[in-house]
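Each chain, letter by letter, is given below.
2 protein chains.
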Amino acid sequence: MNSTPVSPQTLLNQLHWRYATKKFDVVKKIPADLWKALEQALVLSPSSYGLQPWKFTVITDPKVREQLKAVSWNQGQITEASHLVVFSGKKTLTPADVEHLIEATATTRHIPAATLDGYKQMMLGSVKSQIPEKLAIWNSRQVYIALGMFLSAAALLGVDACPMEGVTGPEYDKILGLDQQGFATLCVATAGYRAGDDHYAEGAKVRYPESEIMAHIH
Amino acid sequence: MNSTPVSPQTLLNQLHWRYATKKFDVVKKIPADLWKALEQALVLSPSSYGLQPWKFTVITDPKVREQLKAVSWNQGQITEASHLVVFSGKKTLTPADVEHLIEATATTRHIPAATLDGYKQMMLGSVKSQIPEKLAIWNSRQVYIALGMFLSAAALLGVDACPMEGVTGPEYDKILGLDQQGFATLCVATAGYRAGDDHYAEGAKVRYPESEIMAHIH
Chain C
141 MNSTPVSPQT LLNQLHWRYA TKKFDVVKKI PADLWKALEQ ALVLSPSSYG
191 LQPWKFTVIT DPKVREQLKA VSWNQGQITE ASHLVVFSGK KTLTPADVEH
241 LIEATATTRH IPAATLDGYK QMMLGSVKSQ IPEKLAIWNS RQVYIALGMF
291 LSAAALLGVD ACPMEGVTGP EYDKILGLDQ QGFATLCVAT AGYRAGDDHY
341 AEGAKVRYPE SEIMAHIH
Chain F
141 MNSTPVSPQT LLNQLHWRYA TKKFDVVKKI PADLWKALEQ ALVLSPSSYG
191 LQPWKFTVIT DPKVREQLKA VSWNQGQITE ASHLVVFSGK KTLTPADVEH
241 LIEATATTRH IPAATLDGYK QMMLGSVKSQ IPEKLAIWNS RQVYIALGMF
291 LSAAALLGVD ACPMEGVTGP EYDKILGLDQ QGFATLCVAT AGYRAGDDHY
341 AEGAKVRYPE SEIMAHIH
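Residue numbers (my numbering), protein chains in the order written: chain C, 141 to 358; chain F, 141 to 358.
Next up, chain C with everything else stripped away, as it sits in the complex (with noise of 0.2 Å):
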């Protein structure tokens, strides 16, 4: 069968086409339309549990661009690019975040919460086993998973993107108010579309061979 909805070359070319843009058009925006789907994919992104454990900040205001790029080495995408998302997560995870999501399960699916107990002792079990730290650092795991989704779809849609860590993430939290809602900046990915102008689009793609990153057990 060949009837995939997305065809296999495709999906290569995309990815193939990606890469971590380093000058963005400065004119050139999403489409309103677009940059709807890049939300989406945010949302309907996947996390253990299904817990959501994040925050997403989209910023197209300038000036508040400008005070981000200050505490992130002055990277010239955190202005230039036509969009720019904060990815934070959680710093810890409590009984009142399991208890919210049972809600939102028997809300959406029209069951009664009791239906669900399983689910939230698995879920309470791995929360009070754990102390803040790990909780932050699972979280945190969530996010990248987002990530990979937000970073994918971009490519898919023909818009560029770059993911970034050099972010001074204490700073984002308190431009951006983060901290007091109990979330830590992680990464930050900008996106739009890259100027004809930069070099890095033209490099090839350094990946180590197959061998040494794959392992097969047939």
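I should point out that these hints are in silico values taken from the structure, not numbers from a laboratory.
All values reported here derive from a predicted model rather than from experimental measurement.
Careful: at least some of the hints might be erroneous.
The list treats identical chains as interchangeable, and a pair is accepted whether it falls inside one copy or across any two copies.
[Unchecked claim] Straight-line distance between alpha carbons at most 30 Å, and here's what the computed DSS-like set of lysine-lysine pairs gives:
1. Lys169 - Lys260
2. Lys203 - Lys176
3. Lys268 - Lys314
4. Lys209 - Lys345
5. Lys176 - Lys345
6. Lys345 - Lys260
7. Lys209 - Lys169
8. Lys274 - Lys162
9. Lys274 - Lys231
10. Lys274 - Lys314
11. Lys203 - Lys268
12. Lys231 - Lys268
13. Lys176 - Lys314
14. Lys231 - Lys168
15. Lys268 - Lys163
16. Lys274 - Lys169
17. Lys260 - Lys163
18. Lys268 - Lys209
19. Lys162 - Lys268
20. Lys231 - Lys203
21. Lys345 - Lys203
Take the given structure of chain C and dock chain F to it, following the hints.
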């Protein structure tokens, strides 16, 4: 412009279609061309500095999968899905990892390694300033980008998948010999085709409202 390689509607249809598959069709296997594309999606995943601190182990051998199932809370997908991928991350990073990437970059791009010295020093700075535990956490996040890329690619190709963290990493490491190679198992993904009677496929997707997980600064 609406000449995107993949339409926003196709992207969102597939992201809505995907779900954490609990029960796979034990007969239906992923065709070779699609599986090859999914492996390439892993290879092409981005990582911080391009360090690719990961190993992906693809297991189709039923005996090894039985062994792994026993240390995965006996979850059926481990043996029933068409393919199983174990996602592992490097337990640390050393200057040798940096050196290796510089060499690969110089070779791939046909440039002298000396021209990459700024990039090299930046990476060495990051590697040398962190304790192994922090480097392992950093690596683990990159592995989760690859997980996100894989899950997204599978959805677009119409392949079902289930990301699973409920596996005993250290036992996986032993069975697969990852430990002595310097890797630690983080999670797995099973992939294949949903069974006709997996009632989880019918459950409405539970996502918090955008107002809760997304903020906009215009």
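Going through the hints against the structure:
1. Lys169 - Lys260: neither (43 Å within a copy, 33 Å between copies)
2. Lys203 - Lys176: Within one copy only: 23 Å inside a chain, 45 Å across chains, cut-off 30 Å.
3. Lys268 - Lys314: both (28 Å within a copy, 28 Å between copies)
4. Lys209 - Lys345: within (27 Å within a copy, 36 Å between copies)
5. Lys176 - Lys345: Both: 29 Å inside a copy, 18 Å across copies.
6. Lys345 - Lys260: Between copies only: 17 Å across, 44 Å inside.
7. Lys209 - Lys169: within (19 Å within a copy, 48 Å between copies)
8. Lys274 - Lys162: between (33 Å within a copy, 27 Å between copies)
9. Lys274 - Lys231: both (10 Å within a copy, 16 Å between copies)
10. Lys274 - Lys314: Both ways: Lys274 and Lys314 sit 23 Å apart in one copy and 23 Å across, limit 30 Å.
11. Lys203 - Lys268: Neither way: Lys203 and Lys268 sit 41 Å apart in one copy and 35 Å across, limit 30 Å.
12. Lys231 - Lys268: Close inside one copy (15 Å) and across copies (26 Å); limit 30 Å.
13. Lys176 - Lys314: Cα proximity of Lys176 and Lys314: one copy only (27 Å, versus 44 Å across).
14. Lys231 - Lys168: Neither: 36 Å inside a copy, 41 Å across copies.
15. Lys268 - Lys163: between (45 Å within a copy, 29 Å between copies)
16. Lys274 - Lys169: neither (39 Å within a copy, 37 Å between copies)
17. Lys260 - Lys163: For Lys260 and Lys163, the Cα distance is within 30 Å only across copies (21 Å; inside one copy 46 Å).
18. Lys268 - Lys209: So Lys268 and Lys209 pass the 30 Å test across copies only (25 Å; inside, 38 Å).
19. Lys162 - Lys268: For Lys162 and Lys268, the Cα distance is within 30 Å only across copies (25 Å; inside one copy 42 Å).
20. Lys231 - Lys203: within (27 Å within a copy, 40 Å between copies)
21. Lys345 - Lys203: For Lys345 and Lys203, the Cα distance exceeds 30 Å both inside one copy (34 Å) and across copies (37 Å).
The earlier numbered hints that this structure contradicts are 1, 11, 14, 16, 21.
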